[in-house]
Amino acid sequence: MHQVADVEVAKNIMDANKRLAEKNLKNLEDKEIFCVDFVGAIGSGKTTLIEEIIDNTDYNIGVIAGDVISEFDAGRIEKHDVPVVGLNTGKECHLDAHLVGHGLHDLPLDDLDMIIIENVGNLICPVDFELGSHMRIVVVSVTEGDDTVEKHPLIFKTSDAVVINKVDLAEAVGADADKMVADAKKLNPNVKIIKSSLKQGSGLDEIIKAIEEKKNSL
Amino acid sequence: MHELSMAQGILNAVIETAESNNATEVNEVTIELGRLAMVNPEQLKFILGVLVENTIVEDAEIKFEEIPVEIDCRECEFHGSAILDDKDHYAPMVKCPECDSLAVEILNGRDIVVKNIVIEKPEDN
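As you go down the protein sequences, you meet chains A and B in turn.
In this text, residue positions in the first sequence follow the numbering used here: the first is 1, and each later residue adds one.
In this text, residue positions in the second sequence follow the numbering used here: the first is 1, and each later residue adds one.
Treat the hints as calculated values from the structure; they're not laboratory data.
Owing to the predicted nature of the structure, the values given are computational and were not obtained by experimental measurement.
All C-beta atoms, glycine included, are put in the ideal place defined by N, C-alpha and C.
Errors might be hidden in some of the hints.
[Unchecked claim] Listing some non-contacts, in silico: residues in chain A with all C-beta distances to chain B over 10 Å:
id, residue
1, Leu28
2, Glu29
3, Glu32
4, Asp58
5, Leu204
[To be verified] For the chain B half of the interface with chain A, some residues (derived, Cβ under 10 Å), not all of them:
id, residue
6, Glu28
7, Leu102
8, Val114
[Unchecked claim] For each label pair, taking beta carbons as the anchor points, the in silico distance ranges come out as:
id, chain 1, residue 1, chain 2, residue 2, range
9, B, Leu51, A, Ser217, 40 to 48 Å
10, B, Asp72, A, Lys26, 25 to 33 Å
11, B, Thr24, A, Glu213, 57 to 65 Å
Isolated chain B (complex conformation) (with noise of 0.2 Å):
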């Protein structure tokens, strides 16, 4: 629900990004999304096609990867890859995979991270 600000914190470390790298254009961008960060990928995409016109980052390709929640077992001391429920949701319950316990601590997966992005420069001399 807060796609907004966060689409336009994305496109300002690509533009930023870019720029410090002499690029005339964006041909990609690769997001990593936690899992369990409170945003839609498809509502993340759709506003980033909107904040994108005329940047450099226009016509880019916007690719997603997903970061898995890794978790702390309170109950029988699992650490690892949680299972999340199937339901098509973006807050999933958080289950050790070994107890069934919901007595978690998550570890990683809330984060929203700009890997890298690839772009086109003028030829070094």
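Only chain A is shown next, with the shape it has when bound in the complex (with noise of 0.2 Å):
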């Protein structure tokens, strides 16, 4: 004879994520490193803009590449002689706290006292999984088109900072920087927000100060 049962889970499927992500958190923080990941869609210039944060300034940088096949990012962030751990997602949109634990664990901690990761392009996965870094920005182009913003709410309300890249390209493609400034302003009223150009040379100083500012307000 059987017996039917109604039997609680409670299960939260998110928590083990969110464990992963404190226990890195507090690896950095023992090793006072600061920890920031870029997210963005494919192509929005993550890569570029890391390439110049570690031309441009005098930390230690470490960089943990997320993507569905890393070498390619990797490999161009190599070459400006810090390192780097490429994260193979394969068909996983996405990075997680369990694959940057990882990363870190194959970076030289002792050596480093900031530490960037890339995450995969994409604006709609990565908000469900914090990593553990200390500072999130998102980086949007133009050429995406101007209502990204407005159609991936909760990925400009979660992040730090904005980066709205490309504003040279705007007038060719026919978006309107300033409504993308504004779609993000209205979400996250406290947001720090950056028009740039990488290619130009243009917003990469006031990146890099919002990065120190939130580095130093800790």
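Dock chain one against chain two, each of which comes alone in its own frame, and use the hints as you go.
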């Protein structure tokens, strides 16, 4: 004979990642390392921005580059003579705290004071996965369309700074960069918003300043 | 877009609880889904349907309950349930119902929780 029973499970599927993110953060803080993670769509300019930050600051930077096939971005960053770990997510659309934990393990933490994480190009899935960084910066380019910010509210709401990149191309693609600024401000009134054209060298100083301000505020 | 890894986490939690309660079969699984979690319930149900094959969860009915979005408004100090836009997508705008501001802090509505399961098990003797 069988009986039927109602059993409480009460298991939060998101908790496992949150716990690992907290562990990553503690690991970073024990080593006095500041960590910033970059999210944004494919082709928004994340890798270029990371290259520019490496070349234009004096920090001892290590990079975790996530991608479905990570060797491309990791290979670009390696040329700047900093330690890089490429994380292959394979079929997954985002980095998670577990993968980042492995990445941290493979970096020479004792020699670093800043770690930059480049997430997989995606404005949706990374929202669900904290990584354990101190700061999240979302990079969006005007070429993605000036409705991109309002179409992806959560990533803009949960980031600490917004970079609106490739503004030199706005006219050519018929995009209004100021609309994107206004949309981001509406969603996240206190967020730092920076317009940039990394190819033309504008906005980089402000981005570096925003990272330093956050670093010094901790 | 990451329904597969979420579905695997859900199934692991269900099987673990079922086995520790000596279940021979799982009849029903209730999942609480945050309205702002970046997963689509239909896709989640589809992929769960694939993963449960040849497990004790194979014939279970999968039920979803929505976790509503709770907010603190930074403009007018409202605290409670948000209003969401009625567009059919899974990253809705979250607004304060009092002052319409989008400048709100999201307190709840982003989690995925396996709430409970209904199992069959041998009679206790």
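Here is how each hint holds up against the structure:
1. Leu28: Non-interface label stands for Leu28(A): nearest chain B Cβ at 23 Å, farther than 10 Å.
2. Glu29: Its Cβ never comes within 10 Å of chain B, the nearest being 24 Å, so this holds.
3. Glu32: Non-interface label on Glu32(A) holds, nearest chain B Cβ at 29 Å vs cutoff 10 Å.
4. Asp58: Per Cβ check, Asp58(A) is outside 10 Å of chain B; nearest 36 Å; holds.
5. Leu204: holds (28 Å)
6. Glu28: holds (8 Å)
7. Leu102: Since the shortest Cβ distance to chain A is 5 Å, the answer is holds.
8. Val114: holds (4 Å)
9. Leu51(B) with Ser217(A): 40 to 48 Å: Once the Cβ atoms are compared, 44 Å apart, the range 40 to 48 Å for Ser217(A) and Leu51(B) holds.
10. Asp72(B) with Lys26(A): 25 to 33 Å: holds (27 Å)
11. Thr24(B) with Glu213(A): 57 to 65 Å: About 59 Å separates the Cβ atoms of Thr24(B) and Glu213(A), which means 57 to 65 Å holds.
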